[in-house]
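Q: Chains B and C: place on chain A using the hints.
Chains as they are written, first to last, in this note's numbering: chain A, 10 to 322; chain B, 6 to 407; chain C, 71 to 204.
Hint data in this document are derived by calculation from the structure and do not stem from the laboratory. One or more hints might be untrue.
[Unchecked claim] The list that follows gives simulated cross-link-like pairs (lysine-lysine, DSSO-like), each with its CA atoms no further than 30 angstroms apart:
{"hint": "1", "chain 1": "B", "residue 1": "288", "chain 2": "C", "residue 2": "139"}
{"hint": "2", "chain 1": "B", "residue 1": "325", "chain 2": "C", "residue 2": "149"}
{"hint": "3", "chain 1": "B", "residue 1": "21", "chain 2": "B", "residue 2": "185"}
{"hint": "4", "chain 1": "A", "residue 1": "39", "chain 2": "B", "residue 2": "185"}
{"hint": "5", "chain 1": "C", "residue 1": "88", "chain 2": "A", "residue 2": "39"}
{"hint": "6", "chain 1": "C", "residue 1": "182", "chain 2": "C", "residue 2": "124"}
{"hint": "7", "chain 1": "C", "residue 1": "120", "chain 2": "C", "residue 2": "108"}
{"hint": "8", "chain 1": "B", "residue 1": "292", "chain 2": "C", "residue 2": "149"}
{"hint": "9", "chain 1": "B", "residue 1": "382", "chain 2": "B", "residue 2": "402"}
{"hint": "10", "chain 1": "B", "residue 1": "325", "chain 2": "B", "residue 2": "21"}
{"hint": "11", "chain 1": "B", "residue 1": "404", "chain 2": "C", "residue 2": "182"}
{"hint": "12", "chain 1": "C", "residue 1": "98", "chain 2": "C", "residue 2": "149"}
{"hint": "13", "chain 1": "A", "residue 1": "39", "chain 2": "B", "residue 2": "21"}
{"hint": "14", "chain 1": "C", "residue 1": "108", "chain 2": "C", "residue 2": "139"}
{"hint": "15", "chain 1": "A", "residue 1": "65", "chain 2": "B", "residue 2": "402"}
{"hint": "16", "chain 1": "A", "residue 1": "65", "chain 2": "B", "residue 2": "21"}
{"hint": "17", "chain 1": "C", "residue 1": "163", "chain 2": "C", "residue 2": "135"}
[Unchecked claim] The following residues of chain A were derived to be distant from chain C, with all beta-carbon distances above 12 angstroms:
{"hint": "18", "residue": "22"}
{"hint": "19", "residue": "58"}
{"hint": "20", "residue": "59"}
{"hint": "21", "residue": "78"}
{"hint": "22", "residue": "104"}
{"hint": "23", "residue": "112"}
{"hint": "24", "residue": "135"}
{"hint": "25", "residue": "219"}
Glycine included, every Cβ here is placed at the ideal spot set by N, Cα and C.
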Amino acid sequence: MGYALFNILVFPGLLFLSLFGMLAEFADRKIYARLQNRVGPPWYQPEADFIKLLAKEEIVPADADRAVFRFLPVVALTAVVCSSIYIPLWSRSALYSFEGDVIVVLYLLTLPTLTFFLAGWYSNSLFAALGAVRALTQLFAYEVPLFMGILAPAIVASSWSLSGVAQFYGAHPAYWIFNLPGFVVCLVALQGKLERLPFDIPDAETEIVGGTFTEYSGRLLAFFRMTIDVELVVGSALLAAVFFPFGLGLPPVAGFILFLGKVLFIVTLLAVFRTVMARMRIDQMVEFCWKYLSTAALFQVLISLAVKGVILG
Amino acid sequence: MAKVTIPFGPQHPALKEPERFDLTILGERIVRLNARLGYNHRGIEKACEQRSYISALYLIERICGICSHSHATAFVQCVEEIAGLEVPARARYIRTLIAELERMHSHLLWLGVAGHEIGFDTLLMYTWRDREVVMDLLAALTGNRVNYGINTIGGVRRDVSPEQCAEILRGIDTLEERTKYYMQLATEDAMLAERLVAVGSLCTEDAARLGAVGPVARASNLNQDVRRDDPYAAYGELDFKVITDTHCDVYGRVLVRVGELMESCRIICQVLSNLPEGPIAVKAPRKIPAGEALTRYEAPRGEDVHYVRGNGTERPERVKVRAPTLANVQAVSKMLENNYLADMPIVLAAIDPCFSCTDRAVVVREAGCVEQRMDWKALRLYGIEWYRKNRGIDCSKIKLRM
Amino acid sequence: MRKPGAMLSEVLPYIFRKPATRDYPHMKAEMPAHFRGKLVSTDAKCVGCKLCIKDCPAGAITITKVAEKQFEITIDLAKCIYCAQCVDACPRKVLASSANFELASLDRETLKVRITAGPPPAEPDAGEGPAPEV
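Bound-form chain A, shown alone:
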């Protein structure tokens, strides 16, 4: 029991994910800066930002719902950390697994977006409400391709558990080649989930000031930003677990380093995307996601069904 608590709260749970999240944020900002011919922040910048925000005054708008306003960052952070305990990080099975945990992980990863919407809505501010509505509209655009993309390898593995998927691909390593279209789809959809460029529409600084977080400050904003960092790492870990399921049988230290490498590789790809693209408009994003992304995801699902039927059947 104590061991489980240690796993959830410290390693590889809350504390490890926070620190790794901040490392990933540093990597993202440094690569973004270097690509733009700038110097970029030092390695301790995300930690410094977090500590600075903790020290700032917490202002709750007069007409906002105080209890919900202050509770939401906690919910968001908890949901994201909880989803990580079902993802196999560097071994063939996650901390906890059961048949159907794919759905649970995807649902838990949707919760932060819902809290962003509620945060914007309960702020009782015009810009926050606009950001909140955009966050929810964006959710409807990228969720379907993301779900289909994650489910495609699960179809081949005939398992509804992420640990089961990892075990299947551990046994049949070559099959991950067939999942590459799904990887591209999920990479694009992940940017929507993480609200990064080109899909950072709910948080478009030049259009709606702060978006959903306009009224947040101090500790609450610190925890929302921590949530976003941890979501970056957990989302990348999910993609790595599903699409790069090699090397999961290695001894602990080597496996850990390989896990760090996989996640940082995905973070690098996301940083490069952020550098070379402009922000899309919400109507363009919805159109793009439903026309092209969902079609590609469907295509990937068909490939998976064909692989399962023809080769394995």
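A: Only chains B and C this time, still in chain A's reference frame:
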């Protein structure tokens, strides 16, 4: 769904200067725009009346940081016309050189700002890095990166040496290459096209009717450019193209500005190769004779109009400045019809707004109404009372440190 | 053919290049010659004609007479706009622009720069008189 009115400004991350735009939106579509200007009014025209002509020149130069040479040159051309001074040819060519360098600086800055408004920060960083070449050239030529102070009544204050000419030509070569890259980027990048094409449309008739000037008018296929239509400085002797475009939207404005960057490179090369010898200034009297003059100048943002009236003393009697943004901001409301809220920043940025230039006082007198004047103390008491009545805020305890 | 991310080929090599940022203040910025920075005095002597005050747009110069034919110029750097009109207007070329732009200070009084007049010209020798006072 109900209509919501969003205050876009006066403080907003998209606006570099304060102005208020009240946007009425339905969902994400803009229904109406209500512009309220005046937040940047500093009383410059009145302040000029209390300074000598040469001091007023420095004040006029600081109306804006990006088009400072435009305002200074227009003002000084007015004063020279009233005084009947014949500016030497070399001075006119140097003024043209600085004017075109300023145009390049302004358009590169604008490209970066446009990129930032659509979330494309990489374009911002690259264009502003390339803009440093122009800034360094201007600092070497004039002594400062902005607010060049190169004009004086009767000519220019500093000369251009042959080494500086060579340095300028080297800088222009680099910039020409970079501008070609930005032109190529504008045509190749799919995301720029998505965000800029068919956004902020202004057809030719509307552009003419609403009085658009500068690149905004030229992007709506209006072939007007003060440098060609009403030549000043050395433009009458130079050969250059006026860039127009038929897109009539934000994308057209991008193309026009990048095209003008290329043309400026060519004009600068012509100026440097044809630089005439001679003095750089004639002596100007302190007391400018009575008279009035009006000049037009093609600033990077459009047509800049200056009017000066002298009455034989050392100080101007009346100075009036009509900046190009004042002419263009009327068209923003038409451009934003049926556009999305997300397009508001880029459409506003596409007219290259410079609200520092824009805000001047206008007196609107209806027949038969009594003019009301307040002095400073009365105005402050009026303000305190207004806020107490309408907003419930009591500011009377604030102590002024004057 | 339009493609997204057209800047990729331009941007990727920069990850290996030095950043374009100058590491100020560890690396000082070199100002060009004739940069209009802080006003300094040349060796010439002020005669109190006050042409600089007439033309100063900011009213930053004051001249006080400290002795017969000796004037002290006080320039308030907080008000000065560094236009160098006083440099051009002075008939004796007493003032000049330096390249110093790092003028921030915590105290307004330190921003008032006092330029004392140079030594008075030597009195013409009236035979064997005492040496002129400097």
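Q: It remains to establish, for every hint, whether it holds in the given structure.
A: For each hint, the structure was consulted:
1. Straight-line distance between C-alpha atoms of residue 288 of chain B and residue 139 of chain C comes to about 29 angstroms, which keeps the hinted pair within the 30 angstroms bound.
2. Between the alpha carbons of residue 325 of chain B and residue 149 of chain C the distance comes to roughly 26 angstroms, so the proposed pair stays at or under 30 angstroms and holds.
3. Distance hint between residue 21 of chain B and residue 185 of chain B is fulfilled; the C-alpha atoms sit about 28 angstroms from each other, no more than 30 angstroms.
4. Annotation: proposed proximity of residue 39 of chain A to residue 185 of chain B holds, straight-line Cα distance about 29 angstroms (limit 30 angstroms).
5. For the hint pairing residue 88 of chain C with residue 39 of chain A, the CA-to-CA distance comes to about 13 angstroms; that is within 30 angstroms, so the pair holds.
6. With a C-alpha separation of about 19 angstroms, the suggested pairing of residue 182 of chain C with residue 124 of chain C holds against the 30 angstroms cut-off.
7. Taking the CA atoms of residue 120 of chain C and residue 108 of chain C, the gap is about 19 angstroms. The hint holds against a cut of 30 angstroms.
8. A hinted pair counts as satisfied when its Cα atoms are at most 30 angstroms apart, and residue 292 of chain B with residue 149 of chain C qualifies at roughly 26 angstroms.
9. Using a Cα cut-off of 30 angstroms, the hinted pair residue 382 of chain B and residue 402 of chain B holds, with the two alpha carbons roughly 15 angstroms apart.
10. Annotation: proposed proximity of residue 325 of chain B to residue 21 of chain B holds, straight-line Cα distance about 24 angstroms (limit 30 angstroms).
11. The suggested pairing of residue 404 of chain B with residue 182 of chain C holds, with an alpha-carbon distance near 27 angstroms, which does not exceed 30 angstroms.
12. Of the supplied pair hints, the one linking residue 98 of chain C and residue 149 of chain C holds, its CA atoms being roughly 25 angstroms apart against a limit of 30 angstroms.
13. Straight-line distance between C-alpha atoms of residue 39 of chain A and residue 21 of chain B comes to about 27 angstroms, which keeps the hinted pair within the 30 angstroms bound.
14. With a CA separation close to 26 angstroms, the supplied pair residue 108 of chain C and residue 139 of chain C stays within the 30 angstroms bound.
15. Under the criterion of a C-alpha separation no larger than 30 angstroms, the hint pairing residue 65 of chain A with residue 402 of chain B is consistent with the structure, at around 28 angstroms.
16. Simply put, residue 65 of chain A and residue 21 of chain B have alpha-carbon atoms about 26 angstroms apart, close enough for the 30 angstroms limit, and the pair holds.
17. Straight-line distance between C-alpha atoms of residue 163 of chain C and residue 135 of chain C comes to about 18 angstroms, which keeps the hinted pair within the 30 angstroms bound.
18. Every CB of chain C lies more than 12 angstroms from the CB of residue 22 of chain A, the least distance being 33 angstroms, so the non-interface label holds.
19. Under the 12 angstroms C-beta cut-off, the non-interface status given to residue 58 of chain A relative to chain C holds; the minimum distance is some 20 angstroms.
20. For residue 59 of chain A, the condition that its CB be more than 12 angstroms from all CB atoms of chain C holds, with the nearest at approximately 25 angstroms.
21. With a least CB separation of 38 angstroms from chain C, residue 78 of chain A remains clear of the 12 angstroms interface cut-off, as annotated.
22. Remark: the non-interface label on residue 104 of chain A is consistent with the geometry, its nearest Cβ contact in chain C lying 36 angstroms away (cut-off 12 angstroms).
23. For residue 112 of chain A, the condition that its CB be more than 12 angstroms from all CB atoms of chain C holds, with the nearest at approximately 32 angstroms.
24. No Cβ of chain C approaches the Cβ of residue 135 of chain A within 12 angstroms, the least distance being about 32 angstroms, so the stated non-interface status holds.
25. Residue-level check passed: residue 219 of chain A sits 27 angstroms from the nearest beta carbon of chain C, beyond 12 angstroms.
Going through the hint list in order, the structure satisfies each hint without exception.
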